[in-house]
Amino acid sequence: RKEVEQDPGPFNVPEGATVAFNCTYSNSASQSFFWYRQDCRKEPKLLMSVYSSGNEDGRFTAQLNRASQYISLLIRDSKLSDSATYLCVVNKKDTDKLIFGTGTRLQVFP
Amino acid sequence: DVKVTQSSRYLVKRTGEKVFLECVQDMDHENMFWYRQDPGLGLRLIYFSYDVKMKEKGDIPEGYSVSREKKERFSLILESASTNQTSMYLCASSSPAPVMLFFGEGSRLTVL
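Residue numbers (the numbering used here), protein chains in the order written: chain V, 51 to 160; chain P, 210 to 321.
Fair warning: there could be bad hints in the mix.
So, partial list: chain P residues that the calculated Cβ filter (under 7 Å) puts toward chain V [to be verified]:
1. L252
2. L299
3. V308
4. M309
5. E314
6. G315
If we take Cβ atoms under 8 Å as the criterion, some of the chain P residues that face chain V in the derived model are [unchecked claim]:
7. G249
8. L310
9. F312
Simulated from the structure, these hints should not be mistaken for lab results.
Built from N, CA and C at the ideal position, the CB exists for glycine as well.
Required output: the full structure, derived from the provided sequences and hints.
Next comes the structure, spelled out in structure tokens:
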């Protein structure tokens, strides 16, 4: 079983739609969680950290469910510019190593 | 803003050649990393470094070595390039806990 698993998609949604991605992780000792965004042929960039209580940044909401070992990303009012691959990233306890999922591709159409 | 600069965006090398990929960061970060990214496999950690002259193997170190002589610079070396090392190579830096990575633009290596 992969340490971090994501549905590869693609998720094709119209502008204005709400879309959600989930990511599951296998190591219950994982401590830190992040969502990164990667545009085609570009480097990954940090989108947001995921906190235990859940957190929101504008149209983006991240949630953590430790009991079920998954994190989620919700995007409201999708824009064309949200089209990208979203990478789920998990940090092992007591280490600076980050484990990346293979990404979920989102395509927003007019 | 954190700036991570990789020396070459695109390289084409022949099997058996030695390849140097250089990475420089300007934020005085202790941690630096080298990943490779392949379709369907995601980002995989090759090597990382917590400090000058210090290095640790990641998940796929075979066929690679690294050098960190100065805090801001982390080099990835392919002693004898092979076709299965054709990939996108991404360098990143971070401060310690919580680890948040800042990536360079990537170096796309093709080995013929």
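- Message: Which constraints among the numbered hints does this structure fail? Numbers only, ascending.
- Response: none
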